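Participant: Each chain, written out:
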Amino acid sequence: MKALSEFFYMGGYALYVWGSFGVTALLMIVEPIMVHQRRKSVLQRISRLVRIKSEQKS
Amino acid sequence: MSGRIFNIYRFSSPATFYPLAGKIARIAAWIALLLLAVGLYMSFFVAPTDYKQGEGYRIIFIHVPAAWMSMFIYLVMAFWAGIGLVFNTRLSSMMAQALAPTGAIMTFIALWTGAFWGKPMWGAWWVWDARLTSELILFFLYIGFIALQGAIDDNRRADRAGAVLLLVGVVNIPIIYFSVKWWNTLHQGASVSIKNGSSMSTIMLQAMLVMTFAFWAYSIAVSLYRVRSIILEREKDARWVSELPEVGR
Amino acid sequence: MLDVVNLQCTRGDRRLFSGIDFTVEEGELLHLYGHNGSGKTTLLRTLCGLVAPSQGEVRWKGEAIRNQRDEFAAELLYLGHKNGLKDDLTGIENLLVACRMAGLKTKQDQAWDVLERMGLRGHEDLPARVLSQGQQKRVALARLLLSQAPLWILDEPFVGLDVAAVALLENVIAGHVANGGLVVLTTHQEVALTSGKVKKLRLGWKEDGHV
Amino acid sequence: MLDVVNLQCTRGDRRLFSGIDFTVEEGELLHLYGHNGSGKTTLLRTLCGLVAPSQGEVRWKGEAIRNQRDEFAAELLYLGHKNGLKDDLTGIENLLVACRMAGLKTKQDQAWDVLERMGLRGHEDLPARVLSQGQQKRVALARLLLSQAPLWILDEPFVGLDVAAVALLENVIAGHVANGGLVVLTTHQEVALTSGKVKKLRLGWKEDGHV
Amino acid sequence: MFDAFRVIIARDLLLAMRRRSDVLTTLFFFVIVVSLFPLGIGPELDTLRLIAPGVFWVAALLASMLALEKLFFVDYQDGALEQMLLAPQPLSILVLGKVFAHWLVTGVPLVLLSPLLGLQYDLSGDTILTMMITLLLGTPALSLIGAIGAALTLGLRGGGVLVSLLVLPLYIPVLIFGAGAVEAEVSGLGGAGHLSMLGAILLLSILAAPLATAAALRISAE
Amino acid sequence: MFDAFRVIIARDLLLAMRRRSDVLTTLFFFVIVVSLFPLGIGPELDTLRLIAPGVFWVAALLASMLALEKLFFVDYQDGALEQMLLAPQPLSILVLGKVFAHWLVTGVPLVLLSPLLGLQYDLSGDTILTMMITLLLGTPALSLIGAIGAALTLGLRGGGVLVSLLVLPLYIPVLIFGAGAVEAEVSGLGGAGHLSMLGAILLLSILAAPLATAAALRISAE
Ligand code: HEM
Ligand SMILES: Nc1ncnc2c1ncn2[C@@H]1O[C@H](COP(=O)(O)OP(=O)(O)OP(=O)(O)O)[C@@H](O)[C@H]1O
Ligand SMILES: Nc1ncnc2c1ncn2[C@@H]1O[C@H](COP(=O)(O)OP(=O)(O)OP(=O)(O)O)[C@@H](O)[C@H]1O
Ligand SMILES: [Mg+2]
Ligand SMILES: [Mg+2]
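Sequence lines, in order, name chains A, B, C, D, E and F.
Heads up: the first sequence begins at 749 in the working numbering, then just goes up one per residue.
Heads up: the second sequence begins at 110 in the working numbering, then just goes up one per residue.
Heads up: the third sequence begins at 9 in the working numbering, then just goes up one per residue.
Heads up: the fourth sequence begins at 9 in the working numbering, then just goes up one per residue.
Heads up: the fifth sequence begins at 6 in the working numbering, then just goes up one per residue.
Heads up: the sixth sequence begins at 6 in the working numbering, then just goes up one per residue.
Just so you know, the hints here were simulated from the structure itself, not pulled from any lab data.
Since the structure is predicted, the reported quantities are computational estimates derived from the model, not experimental observations.
We put the beta carbon where it would ideally sit given N, CA and C, even for glycine.
Don't take every hint at face value.
Okay, the calculated bits of chain B under chain F, using three or more residues with CB under 8 angstroms as the criterion [stated by the list, open to error]:
no.: 1; segment: 248 to 262
no.: 2; segment: 267 to 275
no.: 3; segment: 282 to 290
Distance windows between CB atoms, simulated [what the hints assert, rightly or not]:
no.: 4; chain 1: E; residue 1: 181; chain 2: A; residue 2: 782; range: 44 to 52 angstroms
no.: 5; chain 1: B; residue 1: 155; chain 2: E; residue 2: 131; range: 38 to 46 angstroms
no.: 6; chain 1: F; residue 1: 120; chain 2: C; residue 2: 125; range: 52 to 60 angstroms
no.: 7; chain 1: D; residue 1: 133; chain 2: F; residue 2: 216; range: 55 to 63 angstroms
no.: 8; chain 1: A; residue 1: 754; chain 2: E; residue 2: 121; range: 28 to 36 angstroms
no.: 9; chain 1: E; residue 1: 170; chain 2: C; residue 2: 208; range: 53 to 61 angstroms
Starting from the given sequences, assemble the full structure and let the hints guide the process.
Facilitator: Written out as structure tokens, the structure is:
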């Protein structure tokens, strides 16, 4: 337990170390999520397009 | 992605590149996860506390890889843009476009971690030092490229305009780097020199290298994943897109 | 002379036209028509090389225009929706600058003559900004009287002109065609072109007359 | 209703017209014509109160318009050479904003209907910037279909429209006149207005037909 | 009347949204000006802290002046201004709406961003707070005053200089009280007096500027 | 070829003469920025002398950046640019002509006026001379580089910011060497090194910028 809190204390540099690692982690999680959402919305749009096209044909 | 010569033409077609990019992206993502885990473990538990900077120095393990990636990605973008402009291949312009946000994020991380490092070490969030300034300018270059692409509706125009900008920007990078350096040496300013006394121990260097490769793999994975969406957006009228398995639903 | 091969243009997501083929020879006039938004302006700009087609190509004397940009430009006169007049220059100055940029060695008094023929006597010295809509158009069209280019590409040249000016312009165009020139133009008005060979091309898939 | 008394306008050093008197009553259309630069646009802008005349005055319902600016504005619809469209708004948004600024409570679906009647189906959602010349004009003219103002002042409304759109617009104008509206317009094209009383007024001293 | 006010604000905000990057113009200009100085002057934090209030206020003033040029110009060019003049509402209300929307888009972001830039100059928290308050009071006054100049020079050749020439003398009091308040705060004198002067200028300009601007627009559009 | 070059310079100078006040815009902006600082910062000559090179160079850079926006825009709007693209001469020559005319009108007056403004900051004769030389070398480079940005953003929404955003990173070396040369001169180190770098940048941009600008114009006018 003590080791853990000492670890998070980072010898007094907690704000700086965790501020850096935290933001980096946040960005590296958010970026893939945004990329994934972009992909989902593109796929949705394309499926709609395909459906419209096939309706027009029939 | 360079591939063998006779493969280049084949893979410069979006239809063949699309599935390939998916495969590479998946592999790169796993490599990134693995290396990140190892790298983080090494940087927090294996690497010893610095005798001068205490625990604060651990920021180096993301700061330096991010700073390196930020510059490298710009070069890669310029390379693709040049190819796109000369050979008029759509795919290479898409690659440039896909890399830009990742590059901007890397630049931002380098700036942010640098600032969070600077406060305890130098006592200021920001000083007008050579590297800091040139990194800030690099950030502007990225944002400029993204903004330019965003402002143009027409894809082909966006590609070509972006390419001109990237190529002009890449000429500028060495100029900035050296000019800023020169400018600053005239002013022995309030800034502490980045090359601090403590020479890096091997274990630190190893951890940093692992993190660098992790960032590398991460960038490849994310940008290839993004280029797949871009390909779909641009080719949405093409036959092969409507026949993709993931479109069917 | 001017060959268009399998031309296709896309704007935004829309394909404006595709598979367009035609030829215009010396002494011929091509009248493009079609409803609003059918792509006439876009086609004309493609013919000039201002817009790159998404497929197909435009050839001048058998060679693709993008491989001979300056040579083609020297033989082309394009007047678009926008007049290309500088608001702060007078009619005379505008005309002279436009001609000289096109590589002609036009003299001052030639320009005065021409503006007088265009019915701008007494207005030559006013800045273009204060001229009326129709007078501005006349200044722009005055270039036609001085040009030596064989190919004229005119986008709605009759817009804003009064009856007399329309008649004059029709004469000028007919004269050019009779002398072996080539003309491509668009207009919604009915235009009588008395001499020369007139071709017509309709753009747009919808029925003409569709609102 | 609309009385013009001894109107005179000067631009720069030139007196464009003077001593103009006319009246337009309900159910009447006034067709202004004259050669390019004769002062038609200037006269229309004076009627709206955008230009102050150097002599004479314009009266609406017996009272000078400059004394009842807001009341007059509420009963007036002016469409000039310039369309007043914002390049970055879509057709729908442009129409709605224009109507609401004029004090109308136009609904979203009314606006869609009207644009469809103007032949802009499928283009309602494009920013005005990418529309063709004629399509932009159509968006601007769509206001006519929603307006409740009795007095319409239209400066060359037919410019750039294709045949079908011209016919539609003629109908709309004729309808307005038949319903007791007032219209003042200029155009160089011959326009058939079937119903209502049509007055004509020629501006310019020179012979019509002078180039 | 409030309808028209609302419609025009909604329209201008929508337009600003469409040209998202236009919103940033002024902001970005402000950031550039503030960040370029250290590059030109050198990195000593002592010098920088000394000149910070001046740099910030000059930057805000320039940013506001530049944004002005376009306040009425686009409307003028595409004919929307004619339609505004012919709208059945008092023109000054429309003008107030336009200026308000303009300030929301150009002034507010600048106020919100100033703390971040303050860090670059190593300013203390109190100083930054005072700076924000002065900017919050000062920028709307700048927009209102500037609108008069913009309306007067509409469509004139070289509107640019003229606006600057006309508007500058009116801007200078705002600059002096704005930068003065921050400096007084820094030197421990307390900036209350300067702040209340800024407030008074703002009130006066809300009352008088829209009327003057409306009159100017009628003249210019002729 | 030189014909076209001459014609376009003559045209642009004539236009500038017609809108005499437009010539003054940039100059006036420069004067404003430089003169506002003493107002914002306070009148201590020591501080002022310290920041003078930075202020002058930042002002020159901003003035140049602002003037840019209009470099091609008017031609684009009234259709004259289309005619330029269709002229039977290499476009880069026409571009070079336009930029040169632009510099004559916006850059040269600024160089000529700087000594006068230098007196406000109590600069020595030598410093003023160095300042003029750096401005003489630097401002044409700024115009040439800026033209690329202006061409790329032609007709785009929010062109204003975009130009600044794109051009700024390219301007910074010029700023650093320009201000650096003056500072080196002041501190007695001699600014020759900086000056030759400025010269090199100018040469490079004369060679490369017109080509890039021409390419960008063709892309933008489509
Ligand atoms: C916002 C602030 C900062 C920025 C933008 C920044 C930027 C950079 C960049 C661009 C690099 C790569 C340069 C190269 O490899 O040549 C770098 C490397 C490095 N930075 Fe920072 N930095 C910042 C703050 C700091 C601080 C405060 C420290 C430590 C006191 C630091 C220590 C380092 C170290 C040790 C390297 C590796 C140097 C090398 O291997 O060449 N940085 N930084
Ligand atoms: N980005 C875009 N997205 C969708 N459609 C577009 C885009 N850009 C242009 N268009 C369409 O392309 C067409 C442009 O046509 P163009 O200007 O060539 O028409 P035109 O035949 O000259 O019409 P007019 O008779 O009105 O002058 C319009 O229908 C317009 O809506
Ligand atoms: N400052 C000025 N000095 C001299 N003449 C001027 C000035 N301003 C305008 N004019 C003249 O006033 C007239 C403006 O006319 P206006 O625009 O009303 O013509 P119009 O009848 O609408 O013509 P069009 O049919 O071409 O639209 C033009 O002949 C123009 O030359
Ligand atoms: Mg057209
Ligand atoms: Mg008219």
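Participant: Check each numbered hint against the structure and report the violated ones by number, ascending.
Facilitator: 7
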